[in-house]
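Here the protein sequences come in this chain order: A and B.
In case it helps, this note's numbering puts the first sequence at residues 2 to 305.
In case it helps, this note's numbering puts the second sequence at residues 2 to 305.
Don't take every hint at face value.
To list a few chain B residues with every Cβ distance to chain A over 12 Å, as calculated [what the hints assert, rightly or not]:
hint: 1; residue: 54
hint: 2; residue: 62
hint: 3; residue: 171
hint: 4; residue: 190
hint: 5; residue: 204
hint: 6; residue: 229
Here are some chain B residues pointing at chain A (derived, C-beta under 8 Å) [said to hold, decoys possible]:
hint: 7; residue: 133
hint: 8; residue: 181
hint: 9; residue: 182
hint: 10; residue: 189
hint: 11; residue: 194
hint: 12; residue: 218
hint: 13; residue: 219
hint: 14; residue: 220
hint: 15; residue: 232
hint: 16; residue: 233
hint: 17; residue: 234
hint: 18; residue: 248
hint: 19; residue: 249
hint: 20; residue: 250
hint: 21; residue: 254
hint: 22; residue: 257
Bear in mind the hints are in silico, worked out from the structure with no lab data behind them.
Don't be surprised by glycine CBs; every beta carbon is placed ideally from N, CA and C.
2 protein chains.
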Amino acid sequence: MITTLGQMADTVRLSGVKRRIAVACAQDPNTVGSLYRAVSEGFVDAIMIGQPDRILSTCQNTGADPGRFTILEAADEKSAAELAVSLTRSGEADIVMKGLVGTDKFLRAVLDKEKGLLPHGAVMSYVCAVEIPAYHKLLFITDTAVLPFPDIEQKVAMARYAIEMARRFGIDKPRVALVGASEKVSDRFPNTLDYNEMCRMAESGEIENCIMDGPLDLFLACDPESVKIKGVNTPVAGDADILLFPSLEACNPFYKALMLFAGGELAGMICGTSKPVVLMSRSESELSKYYCVALSCLMAPQNG
Amino acid sequence: MITTLGQMADTVRLSGVKRRIAVACAQDPNTVGSLYRAVSEGFVDAIMIGQPDRILSTCQNTGADPGRFTILEAADEKSAAELAVSLTRSGEADIVMKGLVGTDKFLRAVLDKEKGLLPHGAVMSYVCAVEIPAYHKLLFITDTAVLPFPDIEQKVAMARYAIEMARRFGIDKPRVALVGASEKVSDRFPNTLDYNEMCRMAESGEIENCIMDGPLDLFLACDPESVKIKGVNTPVAGDADILLFPSLEACNPFYKALMLFAGGELAGMICGTSKPVVLMSRSESELSKYYCVALSCLMAPQNG
Numbered sequence: 002m003i004t005t006l007g008q009m010a011d012t013v014r015l016s017g018v019k020r021r022i023a024v025a026c027a028q029d030p031n032t033v034g035s036l037y038r039a040v041s042e043g044f045v046d047a048i049m050i051g052q053p054d055r056i057l058s059t060c061q062n063t064g065a066d067p068g069r070f071t072i073l074e075a076a077d078e079k080s081a082a083e084l085a086v087s088l089t090r091s092g093e094a095d096i097v098m099k100g101l102v103g104t105d106k107f108l109r110a111v112l113d114k115e116k117g118l119l120p121h122g123a124v125m126s127y128v129c130a131v132e133i134p135a136y137h138k139l140l141f142i143t144d145t146a147v148l149p150f151p152d153i154e155q156k157v158a159m160a161r162y163a164i165e166m167a168r169r170f171g172i173d174k175p176r177v178a179l180v181g182a183s184e185k186v187s188d189r190f191p192n193t194l195d196y197n198e199m200c201r202m203a204e205s206g207e208i209e210n211c212i213m214d215g216p217l218d219l220f221l222a223c224d225p226e227s228v229k230i231k232g233v234n235t236p237v238a239g240d241a242d243i244l245l246f247p248s249l250e251a252c253n254p255f256y257k258a259l260m261l262f263a264g265g266e267l268a269g270m271i272c273g274t275s276k277p278v279v280l281m282s283r284s285e286s287e288l289s290k291y292y293c294v295a296l297s298c299l300m301a302p303q304n305g
Numbered sequence: 002m003i004t005t006l007g008q009m010a011d012t013v014r015l016s017g018v019k020r021r022i023a024v025a026c027a028q029d030p031n032t033v034g035s036l037y038r039a040v041s042e043g044f045v046d047a048i049m050i051g052q053p054d055r056i057l058s059t060c061q062n063t064g065a066d067p068g069r070f071t072i073l074e075a076a077d078e079k080s081a082a083e084l085a086v087s088l089t090r091s092g093e094a095d096i097v098m099k100g101l102v103g104t105d106k107f108l109r110a111v112l113d114k115e116k117g118l119l120p121h122g123a124v125m126s127y128v129c130a131v132e133i134p135a136y137h138k139l140l141f142i143t144d145t146a147v148l149p150f151p152d153i154e155q156k157v158a159m160a161r162y163a164i165e166m167a168r169r170f171g172i173d174k175p176r177v178a179l180v181g182a183s184e185k186v187s188d189r190f191p192n193t194l195d196y197n198e199m200c201r202m203a204e205s206g207e208i209e210n211c212i213m214d215g216p217l218d219l220f221l222a223c224d225p226e227s228v229k230i231k232g233v234n235t236p237v238a239g240d241a242d243i244l245l246f247p248s249l250e251a252c253n254p255f256y257k258a259l260m261l262f263a264g265g266e267l268a269g270m271i272c273g274t275s276k277p278v279v280l281m282s283r284s285e286s287e288l289s290k291y292y293c294v295a296l297s298c299l300m301a302p303q304n305g
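Chain A on its own, in the form it takes in the complex (with noise of 0.2 Å):
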């Protein structure tokens, strides 16, 4: 079982296996630097789309020998979008990524219906796994960035993107802890009673491989001493591998909340999708961009 991200990274690294990567406008330092990282580690080719000039200035100044990349020509942002992802549909890549682009414009060229990554009818959703010094493990938690209140099927489809990513971690059954102000189903909060059709879905086999319960509190769901205090019985017992939340209003000051004031550190990676998907903030680090490319390649065999 993996526990922290370093452990990630390390499977991926030493598996053997070597996944392409198309990155849409690679000319950021961040991106140009976790990506050196990956393919001087062995474990990534990749096809730096853009401007040539600047995707060449870029490595000038991190550091990175531009021989060790695949470097295409795009003329503006749209169609280096538009390059990965046919690159990544047609299979010449394996996982596609944003680099120095705008997340609606990368975003139009993963959904478009006849030339995207997205199977019709699939719900896409972010799951990331996140790495808290307080706790004893990593914890999965969904949705941080696009479902803004999902509905009952959009919330099965979190929990079982979640589930597959735990999986990939080496927990076989992952503890599903559906997040709620208390414990209590209540009219009040109808995210619960969608929650409790969830635990029947889970008793009965629909939702396959985990342990789930809901709702929980925070303190229910990672705490064995609140469980213990409160004399709640709950198969999840403090011990969640996975916090699927009500709403992304719920999710992202959550996530966020971890990592700005519990030393967190995260990869994240869009679910649903026919291959992996990596998206993140312009401004993350170089380290959690290397986490994220890392994370794209450990689930990369699970698409296409």
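Chain A is fixed; fit chain B onto it per the hints.
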């Protein structure tokens, strides 16, 4: 300006003012311990209501001198809650506090239309002052416990209560961040439309004594570095005093993450009632309860 909970308690202790607290079902050890400390430090007189033999034996077990308390008999939880509220309503006590009694029973007495403490038409909401080692001052957070999905009128009340509390801590014009998943106003997130209107109200002086902005994500609210990197122009400037959340489902796991993963400590209370109401989980530590008692004393002059 008070920047820690310890300073807050010191301010109350050194003020020379003594407040009378009526406690419903006072036989809980942490409740007795916290009040005995407040009584010994001279800023509280405590009226302990419940079964006298149980209160006395808790005093014995915790080393509290029962002679320092006024002990009143009540046959059961319901009558203990009603008596505590009644003494507070009549002015024989300044503050009412929940001991070892169910929140529902306690709140029923507080909310009673004839004999309770909530003025007709007033909004009741919960504000916490949270101390986090990784932040340079206290963060006031609302609503952690009461309002599930506040409408704009309730959000305005939440903001006013938190501003009033922050001002008691010596922050003349607190910076209020209206928390969202990003800084964008959008129909897809109806709360952001409320936020937009609230910023207008702060601008026009309908919401007084604050610097308000939102929606802001947590990084823009609390991290000046992110404000710089993202180039967003916000008067909150990564230096928020108050975080207002769009729902209880968002706020509750957020503040619990601060407690569980970021070494946080808090003091909180119900606002909107005619007298301060101290209401916490039974599992709360003696120190937390002591801080809540001190906070209710700091806030008491506003009421009645």
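So, going through the hints one by one against the coordinates:
1. 54: At roughly 25 Å from the nearest Cβ of chain A, residue 54 of chain B sits farther out than 12 Å, so the non-interface label holds.
2. 62: holds, 18 Å
3. 171: holds, 23 Å
4. 190: violated, 6 Å
5. 204: holds, 24 Å
6. 229: At about 10 Å from chain A, residue 229 of chain B fails to clear the 12 Å cut-off, so the statement is violated.
7. 133: holds, 5 Å
8. 181: Hint holds; residue 181 of chain B Cβ to chain A Cβ min 6 Å, cut 8 Å.
9. 182: holds, 4 Å
10. 189: holds, 5 Å
11. 194: Result: violated, 13 Å to nearest chain A Cβ.
12. 218: holds, 6 Å
13. 219: Holds: closest Cβ of chain A sits about 4 Å from residue 219 of chain B, inside 8 Å.
14. 220: At about 6 Å, which falls below the 8 Å cut-off, the nearest Cβ of chain A leaves the hint on residue 220 of chain B intact, so it holds.
15. 232: With a closest approach of 10 Å, the residue 232 of chain B hint is violated.
16. 233: violated, 11 Å
17. 234: violated, 16 Å
18. 248: Because about 7 Å separates residue 248 of chain B from the closest Cβ in chain A, which is inside the 8 Å limit, the hint holds.
19. 249: holds, 5 Å
20. 250: holds, 5 Å
21. 254: Interface hint status for residue 254 of chain B: holds (5 Å vs cutoff 8 Å).
22. 257: Holds - the Cβ of residue 257 of chain B comes within 8 Å of chain A, reaching about 4 Å at its closest.
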